[in-house]
Amino acid sequence: MVAPEIKISIKDFSIYYGENAALKNLNLDIYKNEIFTIIGPANSGKSSLLQSLNRLNDLTPSYKKEGSIFIDNEDIDNADVESLRRRVSIVFALPFPLPLSIFDNIAYGPRMHGIKSKSKLAKIVEKGLREAYLWDEVKDRLDTPAMNLSGGQQQRLCIARILAVEPEIIMFDEPTSGLDPISTARVEETLRELKERYTIILVTNNVAQAARVGDRTAFLLMGELIELNDTKRLFTMAQDKRTDDYLTGKFG
Amino acid sequence: MDTHTKIRKIKEFIIERLIFLSGIMSIIIVALIFAFLLKEGLTLFWQVPLSDFIFARNWYPISDPPQFGILPLILGSVLVTAGAAVISVPIGIGSALFIAEIAPPKTKEIMKAGVELLAAIPSVVIGFIGMITLAPIIKSVFGLPTGLTALSGAITLAFMAMPTIVSIAEDAITAVPRQYREAAIAMGATKWQTTWRIVAYAARPGMLAAVMLGIGRVIGETMAVMMVTGNAALIPHSILQPVRTLTATVAAEMGETVQGGEHYAALFAIGIVLFIITFLINGAADLYLHKTKK
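Quick mapping for you: the protein sequence lines, in order, are chains A and B. Taking our numbering, the leading residue of the first sequence gets 1, the next gets one more, and so forth. Taking our numbering, the leading residue of the second sequence gets 1, the next gets one more, and so forth.
Extracted from the complex, chain A is given alone in its bound form (with noise of 0.2 Å):
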């Protein structure tokens, strides 16, 4: 087997909020063109690491860091923050179009940085909108207001929205935490069909989740990594009894 080509390299990494430390000495290798799902519970640190890794957390006046992160083997620390965001992109729990309509919320991360012309915009909404799997149901209604969709719509449009600025890696937080079942299984699908040409990393509180679109799993615990491996071995032989407990829901 191929050694597969590393992504995103997180070396001796932890993170402060105030005094409590959310994230505790990480170490691990995120793979190009995965899934690579976090699963943990409430407070683990799992949100804390998407937010590093796009620097979103620069924003929270508490927050400290030690270690560093790779992308490309470049240091983030000493990336543009407005690029790094650009290529490092998230999807949050709760999907939330801009005031805008359809066509408008997907073009307008394009149009920030600086594409002006009518018909490549209408192509990227276009690329955008199939890729998320979401151009069959709106095509006849680019122009009428986005809250107007479904919540599942919604959040696809928003991975669509993010799929415009050609994201390398995106992140999705708990994207289908406020969907029903099968919005659910829609937005699996379209994370199938992205990690073919994006590097996807999935924070879910669902474990059943983590099993059905997981190339590899880390467990974290009270911001400790308790173990990492391949999805299916982690579900079938869990080497730490923590893993297995959280795993088959003693606790969590």
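There could be a bad hint or two in this list.
Claimed, not checked - In silico DSS-like cross-links for lysine-lysine, where the CA-CA straight-line distance does not exceed 25 Å: (1) Lys191/B to Lys108/B; (2) Lys120/A to Lys139/A; (3) Lys139/A to Lys127/A; (4) Lys64/A to Lys11/A; (5) Lys116/A to Lys191/B; (6) Lys64/A to Lys191/B; (7) Lys195/A to Lys123/A; (8) Lys191/B to Lys65/A; (9) Lys32/A to Lys195/A; (10) Lys24/A to Lys241/A; (11) Lys106/B to Lys64/A; (12) Lys139/A to Lys123/A.
What the hints assert, rightly or not - Residues on chain B that point at chain A, a partial pick, calculated with CB under 8 Å: (13) Lys6; (14) Glu182; (15) Ala183; (16) Ala186; (17) Met187; (18) Gln193.
Honestly, the hints are just simulated from the structure, not real lab data. The C-beta atom is built at its ideal place from N, Cα and C for all residues, glycine as well.
With the hints as your guide, set chain B onto chain A.
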């Protein structure tokens, strides 16, 4: 039904009615004011046709025969108000954006207190300061025979409109959901791009309402304008001329009229015009405010 229950029922009934009465009191008062204005003002139109009242170019209420053309007064009000809006809207919106989005918490508290204080200054004080400090400056800068001009009025009134604009616009900006900002920033927007294209965009209806209410305040303002605009009831050709506004006219002349006379009725007719203008502006602002809440 025993007496105890009966008394309780009656009490309930009385309290309910009293509260209802307090509730509709403001509406009753507005209706009464408008009715009174109409009663006193409309008699003018037995003598002076409406089109003459609004479009005639001369306001000579005590010459013989008197002429009641409020066009110069309307233009005076419009000029001063427009000037005040041009000054106060950009500064007010900018200041609201700064307070809501950029200022660190401490600065924010100080600035909000400052804005409230500005709102609390009596208009006669602002007018006085405008008259003794601003007017001489304008006089010497533009080389005018007098510093009491439409421009002085506009600048003075801009300070009075600003607190309204700032505090209402700031509320609207703060009410924009945090998630809009997060979404924009996560797509690689800079702070300014987020503030301008998302936050300001989402808060637009509220900011428009803020501007409307600020303008409403300026149109209705009397004391300060009377002190700094020079009060010449002429059709203004530039913002550097003295003007007289609708409000100042009523305030200045009401004491000299014969009750029930033509001049008296004309001043009430001006009151009707002012009432309609503020009603329209407040109505428009209300419409936008409701839009924001949806």
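Evaluated hints:
no., hint, result
1, Lys191/B to Lys108/B, "18 Å, holds"
2, Lys120/A to Lys139/A, "16 Å, holds"
3, Lys139/A to Lys127/A, "11 Å, holds"
4, Lys64/A to Lys11/A, "15 Å, holds"
5, Lys116/A to Lys191/B, "21 Å, holds"
6, Lys64/A to Lys191/B, "21 Å, holds"
7, Lys195/A to Lys123/A, "21 Å, holds"
8, Lys191/B to Lys65/A, "22 Å, holds"
9, Lys32/A to Lys195/A, "9 Å, holds"
10, Lys24/A to Lys241/A, "20 Å, holds"
11, Lys106/B to Lys64/A, "22 Å, holds"
12, Lys139/A to Lys123/A, "12 Å, holds"
13, Lys6, "53 Å, violated"
14, Glu182, "7 Å, holds"
15, Ala183, "6 Å, holds"
16, Ala186, "5 Å, holds"
17, Met187, "4 Å, holds"
18, Gln193, "6 Å, holds"
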